[in-house]
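With the hints as constraints, model all of the structure from the sequences given.
Residue numbers (my numbering), protein chains in the order written: chain A, 1 to 760; chain B, 1 to 174.
Just to be clear, a hint being listed does not mean it is correct.
Derived BS3-like pairs: lysine-lysine, alpha-carbon spacing no greater than 27 Å straight-line [as the list claims (entries may be wrong)]:
#, chain 1, residue 1, chain 2, residue 2
1, A, K693, B, K70
2, A, K631, A, K466
3, A, K117, B, K34
Calculated from the structure, these hints are not laboratory results.
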Amino acid sequence: MSNTKREFSVVGKRIPKLDAAQKAMGRAAYIQDIKLPQMLYGKILYSKYASANIIKIDTSKARALPGVHAVLTGEDVPEKMKMGFIKDNPPIKKGKVSCFRDEVAAVAAISPEIAKKALDLIEVEYEELEGIFDPERAMEKDSPLVHDHLKSNVLKMPWDIHYGDVEKAEKESAFVVEDRFTTTWVTHCCMGTSGAVALFDASENLTIYTNTQIPSLAQKDFLEALKAMGLKNKRVRVIKPTIGGGFGSKLDTYAYEHIAILLAYACRKPVKMVFDRVEEFKATSTRQPTIIYIKQGCDKTGKLTFRDMRMVLDNGGHTSWGATTPSVMLMPISSLYTVKNVKYTAKCVYTNNTYSQAMRGYGNPQATFAIESSIDMLAEKAGIDRIEFRKINKNHAGEETPQGLKITSCGLAECIESVEKELDFKDKSEKGVGTGIASLIHVGGGARIYGSDGCGAILKMDDYGKVDIFTGGTDMGQGLDNITAQIVAEELGLLAEDINVVHSDTDICPWDVGAHASRSTFVAGNAALGAAKKVKKKIQDFASKLFETPAEEIELKDKMVFVTGNPEKNMPIGKLLRKAHFSPGGNMLMAEHFYDPDNQNMGKELKGNMSMTYSFGAHGAKVKVDEETGKVEVLEYVAAHDVGRAINPLLLEGQVYGGVVMGLGYALTEEVTVANGEIMNANFRDYKLFTAKDAVKIKAPVIETDDKDGPFGAKGIGEPGCVPTAPAIANAIYNAVGVRIKDLPITPEKILAALKEKNG
Amino acid sequence: MYEHNTSEQLGETLPMTTTISFSLNGDKISYEIKDHWTLLHLLREEMGLIGTKEGCGNGECGACTVIVDKLAVNSCLYLAIEADGTTIETIEGLASTDGTLHPLQQSFVDNGGIQCGFCSPGMIMSSKALLDENPDANREEIQHALAGNICRCTGYIPIFESVEAAKKMGGQNE
Ligand code: FES
Ligand code: FES
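Written out as structure tokens, the structure is:
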């Protein structure tokens with residue numbers, strides 16, 4: 001059923017975030033705020049070298065310090081306790097360290113200060129080894145090995161793909177461009193740092209409060225950890241308190257969580273582990289740095305003929321989920337604009353640098369930076385207007401891309417048009433001013449990267465028409481609580497305030513694979529909608545008996561149940577519920593629903609419809625480049641997105657603004673500077689985030705394409721805001737002063753150097 | 001709960017303690033502090049006022065902003081001992097006792113100024129110091145006043161809009 005003409009009462013309303021008042025009053029409890037009786041404080045000692053053998057660790061002095069309850073080294077970690085995507089990374093290393101962030105020991109003490117002192121008393125003797133920091137160098141045969149037991153630094157991963165016939169297409173192309181781009185490390189900078197509190201009960205069941213985006217999968221990881229510790233058949237309860245930002249940083253389980261568990265077990269007391277800001281910079285995972293080789297061609301009319309991309313990703317010292325980003329990169333590579341012939345290889349290479357994780361966009365911003373910069377270059381070479389060129393190649397509904405993505409709804413053309421309308425691309429009045437455009441495709445209807453892409457929801461109603469919905473989905477500030485409440489309220493004819501959304505506690509909430517891939521609105525939204533539909537049906541059935549009318553003729557609206565066309569036959573929903581609950585035989589107004597979208601896991605050939613639907617967007621930027629200083633000022637920014645349906649425009653704008661500003665940081669200022677594996681700018685003075693002073697005027701037009709599978713037509717929007725930002729800026733800089741910067745971030749120094757080269 | 005014993009248990013020389021008096025959200029307080037404590041430590045760890053957040057502990061993010069004698073300060077850098085004789089406002093003191101939010105709190109709620117909320121107490125306190133001093137602050141002045149408060153979620157736009165909306169609601173006065 002199409003929703004286009006439907007009038008909504010709650011969906012589409014700018015309802016403030018449900019927990020905002022609590023947060024505004026300073027009452028929301030984050031991990032930093034949790035204190036339990038007898039709680040100890042854990043701290044981690046990290047490696048002093050990028051690559052070294054651990055010869056000896058002496059913990060005796062640390063153990064002797066009053067107030068210290070436990071000191072652990074790699075020797076104390078059970079053999080089978082491993083983390084990461086290929087479960088090859090123990091939470092405390094022994095034998096060899098392969099990056100500066102490698103954990104070598106941990107302590108628990110009665111105060112953070114004592115714990116810190118104890119770290120200083122641990123004596124570690126290392127034998128420093130030659131490190132390898134350049135992934136291309138690490139690929140060479142004679143490079144030192146990061147992991148001795150592996151024969152090569154190159155991970156065994158499957159990305160070597162060829163759809164169609166790229167060689168033939170290249171020969172037949174009228175125009176071809178080829179180039180190399182690079183992107184560097186950036187990091188999430190969640191304002192609330194990472195942390196966990198672990199405790200065991202008398203029966204050795206674990207409760208862990210932790211900053212996670214994946215409560216159910218974390219529970220599984222921690223159960224494995226307990227098993228490795230010899231604790232079989234135990235229970236694990238994961239509770240995510242309010243968290244100070246996610247952005248993909250909490251999609252795995254991490255050493256600090258496992259160490260908190262080990263320490264809590266060793267001391268049989270709650271142990272709290274909270275990172276300080278320096279640690280947050282140094283010991284959490286980044287976005288993958290990439291080296292990208294790209295070649296694209298088109299025919300005389302500007303139609304894309306082929307795209308050929310080769311990527312080298314710096315995997316760092318260990319393998320976290322970062323190593324799977326090439327799968328997501330494949331999406332824009334194969335499917336941003338219609339292109340039939342596509343070739344793609346990607347290699348993840350171990351180095352002694354820090355290792356990467358998911359970060360908003362999951363590989364897409366890197367790939368899109370290269371693709372959209374190169375598209376501009378190709379349009380110029382073909383002599384076709386850059387916007388026209390994109391329109392010629394636009395995606396469209398009904399298309400199946402070479403990767404097998406099925407585009408069901410597509411507002412890309414409308415997005416481009418709306419950017420054109422909002423931004424004057426012809427304006428060349430002022431020197432140093434220029435405009436740029438870039439588009440995006442992203443998963444908008446889940447992403448099947450695990451066996452399941454499912455989410456559960458349980459909905460129950462009380463005697464007064466109020467709803468409790470227990471969702472597997474996770475709110476981390478993005479607003480899934482509102483989305484869930486608004487969807488349920490719409491379906492049941494209630495107000496958002498009637499809906500209590502319970503999330504992020506595995507003892508109570510049903511299963512879900514996590515808040516990633518912009519999937520929550522779509523997947524958790526559909527789970528909530530499914531549960532609401534079932535309860536609605538029960539209400540209709542009960543009311544049908546009461547009013548002696550067919551169930552199909554019962555409507556729910558404004559907290560009332562009434563008969564269609566006969567509105568005087570009505571009853572407040574609360575009253576009906578009481579009748580249901582108290583009638584002989586009883587009727588419980590409760591339902592559960594598990595929604596697992598009908599999307600496909602990409603098989604060995606890396607083909608398949610990974611998402612039920614795709615989100616599209618186009619961004620336009622107007623910048624001013626100061627040719628004396630190389631400084632870039634973003635004068636105007638337009639970010640148009642096809643979101644299917646805006647369930648809550650207020651929160652939607654928040655996702656877009658936040659995403660764009662994160663993307664602008666990626667484009668212009670943010671960079672974790674690394675020297676021989678060591679992070680040199682672990683603070684907000686040297687790691688340059690956009691501040692209130694740098695804030696940019698952003699317009700965020702919304703295109704509604706009413707997706708047939710989305711809840712009330714909605715698609716995901718969590719990540720797209722930061723996907724095409726960097727190329728939009730790079731293209732605008734080129735338009736402004738004629739230099740194309742191919743390495744992120746685009747700093748004033750790079751612009752000045754390029755200007756110097758251009759002007760001779 | 002153990003922190004108080006830290007130094008004693010270490011067998012170190014006891015750090016100096018001092019009793020300070022100050023006004024906190026309208027209450028007269030007298031508190032024995034260790035001289036090396038920051039105001040942030042005193043508020044959060046000793047007094048349990050968790051609304052004030054620590055984002056960096058180093059004066060770089062503004063999450064710990066409180067108002068001391070009408071000025072927004074980073075409480076992570078401000079020594080508790082310097083608070084003697086001052087008037088301090090924290091996020092906990094903004095709403096009325098009947099639960100009515102301060103206009104700034106309400107406008108942050110209504111205008112999407114809060115996502116994850118970790119920066120929010122600091123943002124709101126910096127905004128309050130600004131509007132108390134300059135009730136007609138324009139966009140540029142707002143940007144300037146909030147330059148030391150980092151937000152990773154909102155892109156700042158909804159925050160500026162929140163402050164501007166509070167101005168209309170009379171954010172400078174309760
Ligand atoms: S915690 Fe004080 S400025 Fe960051
Ligand atoms: S709301 Fe998350 S940091 Fe500002």
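Going through the hints against the structure:
1. A threshold of 27 Å between alpha carbons decides the hint, and for A:K693 with B:K70 the separation of about 22 Å falls inside it, so the pair holds.
2. A C-alpha spacing of about 55 Å is found between A:K631 and A:K466, which places the hinted pair above 27 Å, so the restraint is violated.
3. Between A:K117 and B:K34, the direct Cα distance comes to roughly 19 Å. Compliance with the 27 Å bound is thereby established for this hinted pair.
The structure fails hint 2 only (numbered hints given earlier).
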